[in-house]
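Quick one: dock chain against chain with the hints and give me the complex.
If you want the building blocks of each chain, they are given just below.
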Amino acid sequence: MSLLKKLRDRLAKSGEYPARASDSASGKGLLLFEHTSDVIRAENCLKKAGLDVKVKGPPPEIRTGCDLAIEFPIILQMRVVEVLGEQDIVPLKVVSLKDVLIEPVSLYHVKDFGEYVMVRAANMKITLRKADRIIVNISGGGCPDVPYLAEQLVGKSLEEAPAPRTIGQTLCGYALQLAYEELLRICPGR
Amino acid sequence: MPWTIVGTVPREDFPLVDGLCRFDGDTLCVENQRVRVRRGTPALLAAACISAESLGIGLPRAILVGDIGTGEGSKRLYQYLVDSMAFQKDHLVVFHYLQPDVDWHNRVLISIEDQRNRPLLIADAGYMYVAKMSGFAASYDLFTPDIGEMAFLADESAPHPFYTRGFLLHNEHEVPRLIARAYRSHNAATYLLVKGQCDYVASSEGVMATICEPSTPHMEPIGGTGDTLTGIVAALIEAGNDVGTAAQDGAKTNRLMGAIYQPSPASSVAELLSALPQALKAIGALKKNDNVKHPELPSASL
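Chains as they are written, first to last, in the working numbering: chain A, 1 to 190; chain G, 1 to 302.
There's no promise every hint is true.
To be verified - Derived SDA-like pairs: lysine to any residue, alpha-carbon spacing no greater than 20 Å straight-line:
1. 111/A / 267/G
2. 111/A / 217/G
3. 111/A / 218/G
4. 111/A / 116/G
5. 130/A / 55/G
6. 111/A / 171/G
7. 48/A / 165/A
8. 89/G / 115/G
9. 287/G / 57/G
10. 156/A / 181/A
11. 89/G / 59/G
12. 281/G / 215/G
13. 156/A / 264/G
14. 111/A / 154/A
15. 111/A / 83/A
16. 111/A / 174/G
17. 111/A / 262/G
18. 130/A / 186/G
19. 130/A / 268/G
20. 111/A / 281/G
21. 130/A / 117/A
22. 111/A / 212/G
23. 75/G / 35/A
24. 111/A / 172/G
25. 89/G / 58/G
26. 48/A / 83/A
27. 130/A / 163/A
28. 130/A / 89/A
29. 156/A / 107/G
30. 54/A / 41/A
31. 156/A / 268/G
Hints listed in this document are in silico derivations from the structure and should not be mistaken for laboratory results.
Bound conformation, chain G alone (with noise of 0.2 Å):
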């Protein structure tokens, strides 16, 4: 079934594009597009493409457009998103960087909401603040926030992370809390996957799975690791995995392929990325095992 990722690429001069998307080991490859993996959508493609060749499933669609920050590019994606009907066939659909505008953001999920055959619906960065703006939050099956965008989240008056209140404190052990005042509000999707020291993935139900291991405490500082794992999680999703599950493994793969590479606060998301096949590999084959609870580091050979 075909998937699809829609985001920007922070050059003024990209144009629309939208095609299916192949990664080399350092660059992506949208129609005639090239673009180098540095964070962002970028980063996020590059996972769902290295772990679509390791699942053995389709490479995802990327609709893409050059946006700075001015919103120029968002705009007419989003246009675009409404004049084509883009995701009549498709049966997931990842949002991501895209300026926050809420009367679009409306539009695009009329048409989608429209369709036959809703796809399966995740938000991340500036679409998951829009989403959680227009106050259909719910309308989405996964978001993918970090512990800040968690708060905002919770916070019912908040039109942005910038204006989240100080009382919503921004620590760990406050994570089950944030994602309980979020569902009360109903500005949370039917899924959390919470990235922090932990990694939390909820539910209205409540908090159902909590992964800590392994830690790499040097990835937080490093621009593109909730991008990546939101394309893993993605492509377990397309996989044939239920959205829960996936979150689960997708968060557990992003920690062990931090393991893996053992990053300093100065590594780039790119070179993460080289030890994602391995992670992939480690997880799946820990999966077979019920035994293991936690995914541990592969053997100094893999």
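Only chain A is shown next, with the shape it has when bound in the complex (with noise of 0.2 Å):
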């Protein structure tokens, strides 16, 4: 099959993503939205409800390009519509999952320099000068939120700073916030 009759067929079926079978014994839902900033807000109000969510990137034939998706319980399927709703957060769609979910990367990796420290985390780095703890650099990603944050980040200490999270919109911005994390957390404040 030639090249621009794959890409033609392909085209011709974007815009379906089969739904997949409802499976209320996984015990776990998946909320879906437009944009990978709402997944980010949904998550941060979920979390402040108290409620056990995990971020997921979803399964291939739902996916519509740099996703994220939020893992629940499906019994709370109620409870976590109504705290989004209640901040005007609204899913494009909620569906039951079996394990197809993928994981995000857990593994960090810390240089030491010396007088700085980078954190990795995925494809995002940030370096911090412990001195005066100034986030000096950023680097890696490939999303376009990435030279923003850096524009927002770099020059500023991590109390100053943004946290990736409130002014990021893409999975490299939520990489970024994980890297951040973890620079807060073996870097903690005096």
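Below you can see the structure in the form of structure tokens.
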């Protein structure tokens, strides 16, 4: 099959998100949103409400691009939707899933440069000057919020800088948040 | 021959621009818009402009839009690329920081494949992610991943580096294995330039070159050093080198730029770029001497 034909066939199918058969026995539900920024807001408010939620990668058949989704206990669906509704956050779709979710990275790499320390999570790196806790560099990543996040964080102390999750929009922004949290953990303020 | 670099600027108010790009040592100018060089696509463009001047080739054309991560700017840019059939005259196109969107990626690729003369295609950053996600990685001539992104390319089920599975370790000594795995699952471009402690240039035949010198560990934390490498390689291709040779010489040049400047982890890529003309000159001189296998630091007078 020629490349063009394959491409066109694939485009013809775009927009179809085949519904996965519901499986209430899995015990897990998945909240899908239009924008990654909605996922980040939703995760914040569900965690504040004490709900056990996790950010995951949606399975391929419902993936649209650079997606995030929220896994939650399916039995709490009503409560989850209510909490989101109070904050005017409306998921695109709520589905029940078996074990098809993809785990985000959980390993951090820490490199000590003497006066500086760098933390990497997935494809994102953040570097801190130890003496004054100033963020001196952010590197890695490929989504367009990375240069924006770098401009907002670099040159500020860990205390002054906005948490990446408050201004980030994408998976790269989310990875930077994890690296930032690890930096806070290994370099606690006085 | 025209060559084009496509990407984003981290400003919401930056309009879509399409024109020749100039660099005045501090700021890029495209149409009537000016952009400070800090990292990202502006850093790639600055390196491309400096290299073009040193190599005596024409300046690159830039197609840019403002996007701070919402994807709104990227969508307008994708639409523009398809509607205007933007690459009809290009010999080389570099795609960089764009919001990954598989459908739009495929539309752009169709418009390019429909052209009579298909340009060489380089994908880096977000566009490399979406090229892999689309299943059409092999349609590209060069990807320039770092080690975390290389693990992502090697993981056939990962939709983003954030989801790379843990057994694909992000260790330097794993790079050849990751490269082989990415080619086996057709998730690699014709050539790969893997950026890291050592740089690897590879094809489906295996690793063609490993470049480890000069080594400047403080370059790793500096945002934009991968972007400058892609800009340098693009200029070397535009100057007439084949992709594999340009990748090797680009890696050496970027390393030499760091070795000349001697940055700290707090340095900016804009500072590093001041050493790029010297690095290009030194590489050019070394290339004329077949006995020199690796570039060495230029003399103190350089």
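Evaluation of the provided hints:
no.	hint	in the structure
1	111/A / 267/G	holds, 17 Å
2	111/A / 217/G	holds, 10 Å
3	111/A / 218/G	holds, 11 Å
4	111/A / 116/G	violated, 49 Å
5	130/A / 55/G	violated, 41 Å
6	111/A / 171/G	holds, 13 Å
7	48/A / 165/A	holds, 15 Å
8	89/G / 115/G	holds, 9 Å
9	287/G / 57/G	holds, 18 Å
10	156/A / 181/A	holds, 16 Å
11	89/G / 59/G	holds, 15 Å
12	281/G / 215/G	holds, 19 Å
13	156/A / 264/G	holds, 17 Å
14	111/A / 154/A	holds, 18 Å
15	111/A / 83/A	violated, 40 Å
16	111/A / 174/G	holds, 18 Å
17	111/A / 262/G	holds, 19 Å
18	130/A / 186/G	violated, 43 Å
19	130/A / 268/G	holds, 18 Å
20	111/A / 281/G	violated, 33 Å
21	130/A / 117/A	holds, 7 Å
22	111/A / 212/G	holds, 19 Å
23	75/G / 35/A	holds, 13 Å
24	111/A / 172/G	holds, 14 Å
25	89/G / 58/G	holds, 14 Å
26	48/A / 83/A	holds, 10 Å
27	130/A / 163/A	holds, 18 Å
28	130/A / 89/A	violated, 39 Å
29	156/A / 107/G	violated, 41 Å
30	54/A / 41/A	holds, 13 Å
31	156/A / 268/G	holds, 15 Å
In the structure shown, a violation is registered for the earlier hints numbered 4, 5, 15, 18, 20, 28, 29, in ascending order.
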